[in-house]
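Protein sequences appear in the order of chains A and B. Residues 1 to 380 in full-length UniProt numbering are what the first sequence lists, from first letter to last. Residues 1 to 885 in full-length UniProt numbering are what the second sequence lists, from first letter to last.
Please keep in mind that the hints were generated in silico from the structure rather than gathered at the bench. All values derive from a computational prediction rather than experimental measurement. You can take every hint at face value.
Here are the computed lysine-lysine pairs in the DSBU-like style, where the Cα-Cα straight-line distance is at most 35 angstroms:
# : chain 1 : residue 1 : chain 2 : residue 2
1 : B       : 44        : B       : 31
2 : A       : 36        : B       : 811
3 : A       : 36        : B       : 843
4 : B       : 840       : B       : 811
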Amino acid sequence: MRVYIIVAAVFWCGYVDSRKVRGISSSYKRFYRERKSFLCIDGSRMIPFEQVNDDYCDCEDGSDEPGTSACPHGRFYCTNLGFRPHYIPSSRVNDGICDCCDASDEYNSHTRCQNTCWNLGQRERAYVEGQMRTLDEGLRLKQQLIEEGVLLWREKQAQLRELQQVAEDLQVKLEEHRRKKHEADRLKEQTLKALEAGNSGLIRHQNSSVTSIFHLLDTNKDGSLTVDEIKAKVVLVHDEQRVLSEGEALALLDRGHRMDLSKFQSTLWDVLTRGDTVKIKDTQGAPGSLSSEDPHLKAADKAAEWEATNLKKVEEAYETVNMEISDLQKKLAIDYGTDWEFLFLNGQCYKLKVYEYTYTLCPFNQVTQKSTAGVEVSLG
Amino acid sequence: MIYSTAVVQLMAPLLVVGLALCLSGTWAVDKGNFKTCEQSAFCKRQRALKPGESPYRALLETMELTNTRLTLQLINDNNKVRLLLELYRLQGNITRVKINELKPLKPRYEVPDVLIREPTTEPLSVLSQDENGVVLSLGVESQRVIISARPFRLDIMEGSDVLMSLNSRGLLAFEHLRMRKDTFSYKVTSTVASVWDNIKRTTKEEEEKVEDGMWEETFKSHTDSKPNGPSAVSLDFSLPGVEHVYGIPEHADTLRLKTTDNGDPYRLYNLDVFQYELYNPMALYGSVPVMVAHSPQRTTGIFWLNAAETWVDISSNTGSSETPQTDVRWISESGIIDVFIMLGPTPKDVFSQYASLTGTQSFPPLASLGYHQCRWNYNDQEDVKSVDAGFDEHDIPYDFIWLDIEHTDGKRYFTWDPHKFATPKEMLQGLMDKKRKMVAIVDPHIKVDSNYKIHNEIRSLGFYVKNKDGGDYEGWCWPGSASYPDFTRADMRAWWASMFAYDQYEGTMENLHTWNDMNEPSVFNGPEVTMHKDAMHGSWEHRDIHNLYGLYVQMATAEGLIQRSGGVERPFVLTRAFFAGSQRIGAVWTGDNAAEWDHLKISIPMCLSMGLVGISFCGADIGGFFKSPSTELLVRWYQAGAYQPFYRAHAHLDTPRREPWLFGPENTALIREAVRQRYTFLPYWYQLFYRRDLLVHPVVEEGARGVTAYLPGKDEVWFDVHTFQKHNGAQNLYIPVTMSSIPVFQRGGSIIPRKLRVRRSSTCMEHDPYTLYVALNLQRTADGELYIDDGHTFNYEKKEFIYRKLTFANKVLSSVNLAPDAKFTTDSWIERIIVLGASKPSKVTLKTADGQEKQLEFDFNASMSVLTVRKPGMNAGADWTVTFQ
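For reference, chain A alone in the conformation it holds in the complex (with noise of 0.2 angstroms):
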C-alpha cells in the first residue's frame, strides 16, 4: 500500500512538473502562463511559448530560457523545499556541479546530485535554534552585565559625587589656608621690615627707637655714653674698619667726656639718622641675625612657616582628590554601550597566544604583543 502512494506521488508530481515551467519562482509564474507565445520579461520580443526552456536563447534578458544554460547573463530559480530557495547564475545548470540543494540544476548531466534541502534545512534549523540559544544566553548574561554595569556606574556616580564634595570642602579649606598664611607673611614682612628700619638708623620718629639706640650704645648701663663705648660701638660710614680716635670719639660726645640720654637726642642721634658721616657698628653681622634675636619677628616667621605647611597639605589634598575626579570622570566618559554593558570591560585583560606572540588585549586601554624573546610592543 505504502509502495503505491509513492508511485502516486511521484507520478502526480511528474505530471505537475510537465506542466511547469523550470526555473521560475512563484512570483515569476505570472510571465510563463501558457499560451501561444511568450513575450521576453524586457519586453523586447515575441517568440513561440514552445521555444521557453527548449535549450536556445531568444530573448536578450535570457527570461525565454530561466531552466537551462542557455542564456548568458539568464539566472535559475532553485526552490529548495525544506530550506532556503535561492538564484544560481545559468551557467552552473547541467554543470556537473550540485548548486541547488534539491539537486533541480543538475536535471541532464552526468553527476548524481542528492537533494539535502531536507539535511540542510534541518542543520539549518539547528544552527537557528542553537543560535537563538546562544542570542538567549548572550541576551541574559547581557542583561545580567547591564545590571552589573549600572551598579557599577551608580556606584562609581556616587564615588564621583563624593569626591566632588570633598574637593569642594577642600577649596574652602584651601581658600582659608591662602588667607591666613598671606596674613602670617604679612606680619612677618612687617616685622622685618620694622627690624631692618631699627637697624640702619631709619627710625627717628620713634622715640623708643631713639632710646633703644641709647641702650645699644650704652654698653654698661650705666645712663651714659662714654668715649670707650662710642669707639667701641660707632665707626666711619667710610671706613668701618678703623676704630674712631679719642678725638673724633670726642666730638661725637660733643666734646663732653658723657652725654646723657637727652643730649645724644639733640647731638648724636641727628648725626647717626642723618648716616652720611658714621654710623653704628655692625657687631653682630647680618640684620637678620639681628632679626632672629627679635622674639617678635621669632614667632612671626613661625606662624608664616606654620601657614604655609597647612597650605601645603592642603593644596596637596586637593590635587589628589582632583585627580581622582577627574580619572573617574574620564572612565565614565567612556561610551560603554547605551546600557553600559561592556562598563565590566574596563580594567579586564585578556591574553592570546599565537605561534611565539602573546598578545594582550586590554578594552578601553591597550593592546600589546609580546615575543618569546621579551620584546613588548604596543600596538596602540
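Starting from the known structure of chain A, fit chain B onto it as the hints suggest.
Just chain B now, with coordinates in the frame of chain A:
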C-alpha cells in the same frame, strides 16, 4: 601535430604590434651583476677576431662519402690542428654541418636529449670535384653545396642563388683542447713517451698565445677555474637577400633582431635576472639557439645545437645600395659546432623542419588553456578557499589556482607547511568539487638539511651536482644553503619523477600540477646568480651543459606527472628556464616582469619570438610581477592576455592583493568580460590544426582612445568578432577603443568553433554545444576544423578523438570526418551557426547522415549581413550539411 606552427601563425599578425614598439626602456636591472662580452673571456677573445682570410683549409683528399654522410678534414694552417667536418642531408630540406676536433685531447660535449630522434638522412652525391673544391647535390631541385678548399667555405645554392654561406667571412674558430704548459703535470707528462705524438704536434705548432682568461677567469670575486683551458667555437653565416632575422630567445627586445655592431652581441645564457631591462640583448631565463631569416622570397633557419654560453653577433649592410645581406656569427664557450640549416623555403616549412628535429608543442590539457590565478603567495587553505569562492561570487571563470614557495614546509619542496596547509587533500578535493585544479611550485634547489627526506636520498644516491673539488655543490637559494640535483643524469631524472607518485608526494591528488621556477639554475651567491661553470655533472663541466639544465628539470617533472597517472594523463608543468626542445614538455612564462605599460608591450614580441622557435605555450605575468599596476593597466593586461597562449595572473609578495574583483564593479566587469571571451574561444585554442584566422591588436597604451591595426591580405576581408563589422584587407585600420575594447578580427574564409556558455571552469564546459562562426571571404567560401577529445589524457594517441573538416562552399556548409579511423563520442552539439558576410537565404535546410531533412529557423541582419541559424541541433561528431537556398 602542428600545434606549434599553428600558434605561431595565430600570433603572427601580432607582429604589427611587435614592430610598432618604440624603444623606450626605462627600468633598471643591476647590469653590473651580469657579464658583457668584454667581461666574458672567450667572447672577448673571439670577438677580437675580425673578418678576413680564414686560416682553415679543407683537405679534399681526406673526403669520404658514404651514401648519406660526407666527412672531410679541415686544417688550421696557423697551428696545424685538424678538424673533422661532417655533412648530412636530412629529410625535409635540412642540411646538418658538424665540426669537431679530429683528435681532441678528451671528448668534447655533444648535446643529447634535444633532438627527438637521430634525424633521418637522405642520399648525397658529388656533382663535381677539382682541387679547389667539391660540389654536392642536395637531392631536391637544383640545391647544391659547394665546399671550397682554400680557404675553407661552404655555400648552399639553389639555381644561381646563394642561400647561405658558412665561413665566408673567415670567422670559423675552433679552440682545440690543449695541455696547460706552465703546470707541473704538463712537464711530467711531456717527458712520458706515450704522449710523444702530443709533443711532436705541439712543437710543430706555432707557439700559442696565452691570453688572460684562458685558464682562469674572475668576475666579481667569483673565480672560474678552467682546467680544460680555452675551448670556444665560432662560425659565421652570410644570408644574402635577407634584411630581417628573428628568434634566438629569450631577450626582452623587439621581435626583429637588431644589428649588434655598436653594442654587445645577443647573449644566450640562462640567468635569473632581477628586474630585467627592456630593449637590450642581455641574457634572460631561457635560450633557444635558433634564428629565422626571412625575406619575401625565402625563409631559412639556423639551429646552433650548443648548450654552453653563446653569443650571437648580427650585422647587415642595410642602407647601402647593394643586395641586402645579413651576416650572423655564433660564438659558444665549449662543445662542438653542430648546426642545422633549415632551408625552407616558406616560413611554415622552416617551422616544420625545426619541429621535425626537436618536436612540436606538447598537447596541453584543455584546462591549462583557461585562466590561471597565481600570487606569491596564497597564505593558507582558508585563503585559497576564499579566493576560489570570490571567482564564483563574481562569476569569473578560472581553472587553476597557484601556490608559490611559501606553501612548503620551510622551502622544502614536495612538502606542505604544517600550519597553513595542514590538510592539502581537503583543499584539493574542494577545488575538484568545482572542477578546478591547482599548481604548486617545485624548484630544483634542495635544502641542505639532514632531516629532509629528499635531500638525504639525493645525497646518499650521489645525485647532486659536484663542485670542482668533488664534493656536493652547495649554493644559496630560497631555503638558505641548497644543493642541486644533477638533472643531466637519466637515473636522477627517473628518481625525481618517482617522487611525484601520490604515495611519495604526500597530500597530492590528480588535480595538482607543477611549476618549476629558478631552474636556470638560480644560485643567489653564484657567479651571475647561477652555478659555477667548473661545477661537475659527471665528467662534464657545468660550462658544457648550462643552458640545458632547465629543460631537464621540466622534463623530469613532467615525466613524474605522467607516471603518477600510470601514463594516462597529460601533464601540465610551467618552467622559467628553457632550451630548444622545451616545447615538447610544457609551458613557459617570461619570468619576473613588472607592472609597467612597457612590460605589457614587450610581452607580445617576447612570446612571439619564442613561438617562432617552437615554444608557443608562452605567457607573461598578467598585471606584472614586481610593483603594482594601475587599474587601467591591469584591465588592459587581462584583455591582452586573453589572447596569448598561457593566461596567468601573478604578483610579488610585497604587492597589494589584486584579485579581479578588488578594483570596483566596473573593472570587475571588464576583467570578467576579457576572461569570458577567452573561454568562448577555448575550442579554437584547443584545435590541433588551426591557421591564421584571428588577428588581435590588444590595447597596450595608457589612456588610449584608439589603435591602428594593419589588416593583411589584398584580397582578404576581416570581421570584427564583437560587432561583425566587415573590413577589407591590406589597410591600416583605425579602431576607436574604450576600456572594454579588445580589437579582434576573424579572417574571411575561416570557420571558428566557439562555446558561448561560459562556466566556472573549462571542465564544466566539456559537454556544451558549439556555435560555429563562419566568416565568408570574397569568394563566399570558408573552411575550418573541429577537434574534440577528452581534454586531459593521452587517449588521443589511441585515436580517441573527433576531427572534422568544416567547409562552406556553394551555399552549403558541411562537416566531413577527417579521421574516419578515430573513435570518440561527444555530447556536444551545434547550437548556432553565425555566417558573417552572408546574403539572405529563402530557406535553410539541415540534412543529417541518416538522410533526414529539417528546415531550420534563421534570423538575418541585413545591415550587418549576418545570418544566425537557430538551433540546428546536430551532434558535433556527426556528418551533416546545411544548405542555404
